[in-house]
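Student: So the chains spell out like this:
Protein chains: 4
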Amino acid sequence: MVRIGIIGAAGLSGRELLYLLGSHDEASVELLTSSKYQGKKVNDVFPELTGYNQVFQPNDIDVTGCDLVFLAIPNQASLERVPNLLEQGVRVIDLSGAFRLRDKEVFSKFYKLSHSAPELLEEAVFGLPEYFKSEITTARLVANPGCYATGALLGLLPLGELLGKLDRSPIIDAKSGVSGAGGRVEDDVTIFVSVNENFKAYKVFSHQHQPEIQQYLQDLSPYSSDVAGEIILTPHLLPLSRGILSTIYLHFREPVTSSDILQRFSTFAESQEFVHFLEEGDLPDLRMTVHSNRCMIGAETDQSGQNCVIVSSIDNLVKGASGQAIQNMNLMFGFDEKQGLL
Amino acid sequence: MVRIGIIGAAGLSGRELLYLLGSHDEASVELLTSSKYQGKKVNDVFPELTGYNQVFQPNDIDVTGCDLVFLAIPNQASLERVPNLLEQGVRVIDLSGAFRLRDKEVFSKFYKLSHSAPELLEEAVFGLPEYFKSEITTARLVANPGCYATGALLGLLPLGELLGKLDRSPIIDAKSGVSGAGGRVEDDVTIFVSVNENFKAYKVFSHQHQPEIQQYLQDLSPYSSDVAGEIILTPHLLPLSRGILSTIYLHFREPVTSSDILQRFSTFAESQEFVHFLEEGDLPDLRMTVHSNRCMIGAETDQSGQNCVIVSSIDNLVKGASGQAIQNMNLMFGFDEKQGLL
Amino acid sequence: MVRIGIIGAAGLSGRELLYLLGSHDEASVELLTSSKYQGKKVNDVFPELTGYNQVFQPNDIDVTGCDLVFLAIPNQASLERVPNLLEQGVRVIDLSGAFRLRDKEVFSKFYKLSHSAPELLEEAVFGLPEYFKSEITTARLVANPGCYATGALLGLLPLGELLGKLDRSPIIDAKSGVSGAGGRVEDDVTIFVSVNENFKAYKVFSHQHQPEIQQYLQDLSPYSSDVAGEIILTPHLLPLSRGILSTIYLHFREPVTSSDILQRFSTFAESQEFVHFLEEGDLPDLRMTVHSNRCMIGAETDQSGQNCVIVSSIDNLVKGASGQAIQNMNLMFGFDEKQGLL
Amino acid sequence: MVRIGIIGAAGLSGRELLYLLGSHDEASVELLTSSKYQGKKVNDVFPELTGYNQVFQPNDIDVTGCDLVFLAIPNQASLERVPNLLEQGVRVIDLSGAFRLRDKEVFSKFYKLSHSAPELLEEAVFGLPEYFKSEITTARLVANPGCYATGALLGLLPLGELLGKLDRSPIIDAKSGVSGAGGRVEDDVTIFVSVNENFKAYKVFSHQHQPEIQQYLQDLSPYSSDVAGEIILTPHLLPLSRGILSTIYLHFREPVTSSDILQRFSTFAESQEFVHFLEEGDLPDLRMTVHSNRCMIGAETDQSGQNCVIVSSIDNLVKGASGQAIQNMNLMFGFDEKQGLL
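Protein chains in written order, with our numbering: chain A, 78 to 419; chain B, 78 to 419; chain C, 78 to 419; chain D, 78 to 419.
Simulated from the structure, these hints should not be mistaken for laboratory data. Possibly wrong hints are sitting among the right ones.
Just so you know, same-sequence chains aren't split out, so a pair can sit in one copy or run between any two.
Calculated cross-link-like contacts (lysine-lysine; reagent style DSBU-like; alpha-carbon spacing at most 35 Å) [unchecked claim]:
1. 118 to 280
2. 117 to 186
3. 186 to 118
4. 117 to 242
5. 181 to 118
6. 415 to 113
7. 181 to 280
8. 242 to 210
9. 280 to 186
10. 113 to 242
11. 210 to 186
12. 280 to 113
13. 113 to 186
14. 117 to 189
15. 181 to 415
16. 415 to 117
17. 280 to 189
18. 280 to 242
Predicted, not measured: the structure shown is a model, and the values here were computed from it.
Produce the entire structure from the sequences given, and follow the hints as far as they go.
Tutor: So, in structure tokens, the structure goes:
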């Protein structure tokens, strides 16, 4: 039984961790914190979560006795906390963006923060289990991927060699439910009357998940931004609670057969617990993945064979955040990868 | 052309006033204020409102030159502002709850505020045009009714003499869209992920519109709380932007014919611009009134004739707030009651 | 391992059964039918349901080999099918309303159908496990309760002796998500543009769950309709997918202390796996029960002690239909009552 | 006063025509039809529409006496009806897609219909007033544009000469509310439980508005599909009632300054009643155009100046259908272009 601490357990990702860990057979939440609710009982704040008799502790509590700590706090707070936790010998899964990018200059540009622990950037393992399974197994620090990055990378990387044939910028037109855009932050952006019956793009050409997708696409495939151009990511805000659907536009130097695309995705999906590829002619919707750790993918090509549209669907709070974090925990502690996940 | 000032023009009611006044032929908005947006142009804050070239002024601006001021600010702020405005000779329509109740003790109990201008409570005219038309015409200070009160009173008062036959507490089970529950207030209650796919009751036995309904029901009908008991109001929060549907339960001492009920409502509706009564067997939904100043009403009785269910539908931002305020303005300045309203 | 057949597995309740049984350790779905999708693979119709390799069979398929059949088909179809299934020696859980009422005249009046198997009405066990646990254990035929009836009865019956002190009709103002009002039926009532941003009452004084609540309230408590009047049920349609919130109005002949009410609900809840009662001052919302088999209840009394408002929340597709059906299955086959349920 | 007939007045576009014409000072609806509701009174079907005392007539009624007929019926029905109406000397605004494309082969391919009146394709005027004002003035037959086409063309055409510098396929990632995807059609696609909390792409590489955009982009600008490739249109279904937001991706052969883009859109917008261009850095959301005939546009370029994202927002039922039809009527009959429109 692994002993868990959750720093920031009352935000959207933290609450989802509590919900999912409630049905995990080998994890025991020993300690949970919240600056907003410290001193309150979990059941009073979240009556729908049964089985937690604890009280929210302050964020800066000592985590001695925990084997693993999940950080579900803002980037700056993660930056400050991680070095101490590692020194204490605790393993860490960080759900913030603090340790995902290798280049601290790029980090500063997109996060508007200077990086106070750059010496850990090399060590941190990017927690996308489909591509970093063995590194995750032994990691001290896992940087859990961003939600847009997860949906985009799983819709792109299985194409493998084909990504070397791209001759234009991959375009990722992504649409997220409100919880993927920071739903508990109390600002105009997320209040009901601003979001309901509304839809909009935001952070065009400037979202912080763009360099994350860019970096791992370059690391893990023959895609080259020099040849094809940098990826373009346009996030949008959907009037619904959960889920990210990414519509990805690719253009190949020469025609690609749809059976080649189909074959690569199918082969990849067969080897993975949580990735599913739909048959030719079918595209996923959000409902297929909401409340599960699945990523579902479909693809269509046009008559020329040079244009391809890929659609990827995930639940931003599960595969895009807390579910993936638990998948990472399962690998780190030798449990079944699917333990506690749907 | 009446010269208008709007204090608090960027809240939900204030913005609705701007929207509606944009197509009013005889009103000119001379001055508008917002503490949050002061110094910003209306078009930058609300690009969907065309035709306003002004800049938001601070709330405490001098209103000299205005014939009429709408107050769309919190109760305490209205309490403080109204006496000065009246002294200046400006007529006022107050959309807050500050001057709706006659009894300052009841006000204190439900609003948790002490009343600093009780001398105006007798003079203030309750701005329900269907019942106070002539008083409104000459009023200096109109207290625009609460949204729940408007829906409930128009669903009850047309019954006239029948209200003297009630032998049980009228029960008003009311359901409001988010804008009726303070949609721009940035708290957990109104953020998207709390409201979406959710529904709940709030302020059971304690909502501040209960005494407002109670007072005018007693003033304007033979209903007596001594005989029938005080009215019971239960507000609920719907996951939608606009509209209040009130389901009203009545029990009569002796059977009442549905044709009697039908007749009373129909006769009343015929004499009113904005009240519609549906034929027997039909009940209104919210869609019938959203974005209009209408109140639509339907009624059903059971086999015994003693139980009656009345359903009333309004748009809380129009007939329940800003539309009704403009209807009051039309009466105060001798315009067609329907000018600028749908 | 109990061998399951599901007749009508592609409707909303049928699909929910498939979803829930997917994580049940002791049930194996051997056979599933759909008139609409017969011949299609489950995964093609519901890609989000993993683990079903079967093809939908025609509804009239022979169920030999099944230990238990769930019927998730219309009332008339259940009426016709149940006698044959019982003759074959198969146990049945019927999710329709065909066998819930004891009186075939009342059935005809509310369901507009004549009852073709009245001899089974006495034998059928009402599948509300909180009150009929031992009868369910040995039942051949379980009539799974209606969704409105489940929410209302669990909000009323725990009051026990206090129900003998009612002197007015209990009023149940119930609000359901679209799936509780027949969401897959392709008519105007359930298309998106009719429901979205809308709200309305329906079947006032005539909903078929009214006699179901009436009957079991009389059977299981000292409530008497002669003294207090028949219960009044008003269903409403919420613009959301799942959940029923019932606001229940009670009036007692003499004052009742809130601690008495609290005590009765708390004691009851402690003895039940799926019923939770909130502390004084708290009322449940829909989010607390969606996707779980829980019923959550809260209550408030007014100053007089004679008026009481009870709010009960369930997921209409889980505790109000398929989850409760699995709870009944667990009792019928000796499994842990919570097996496969959250 | 122009005498109007509306064939198909009870569908979504037809009902919106009724709503909008209700406040038009110079149009009188003489005749309205519906196959579904023939014989019923308008007010019984749409109680929220006041001022219509008529009864729905059968679709094949004689329109003698009308000056103008709006057709809001399916493509096949329009194809059959238009020739007769023109022979009768009635002017026609057709809201279907029957007469928008010039090439009957392309029509057949995308609409899966053979064109029975090809002789009218040359005469029909494409009802995009911003580009065909003078032709519309004298037209006998106006083909009202498709909703996706309106949003896309107004987001592209103002770029003028810059469209000759495109070197890649323009990509239009469009997101529509349910009414834009055929909201009253009673199929699974539009029922509430399929759409709510869901999102998906549909008709990838095959939507019938793609050739409409392609044709007028080529006609009215230096864009060449030989150089840049055919436009790519991906429609998506949003869980909301009204509105289309189009995110348009352009790539220029050489860098373009954002001030050049800004200048072209601003100049165009100044000359148009219903087109608005936001300041640099601002992008429109859906709320800015819902219930109005406006099209609002914003644009951003990346650092290289070669990639540009344009966002265009319209209400699919107003500027994308019935509002634009009334704008066309205003031009055809010499009224103020804004009469009856917001």
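Student: Going through the numbered hints above, which ones does this structure break? Give me the numbers in ascending order.
Tutor: 4, 5, 10
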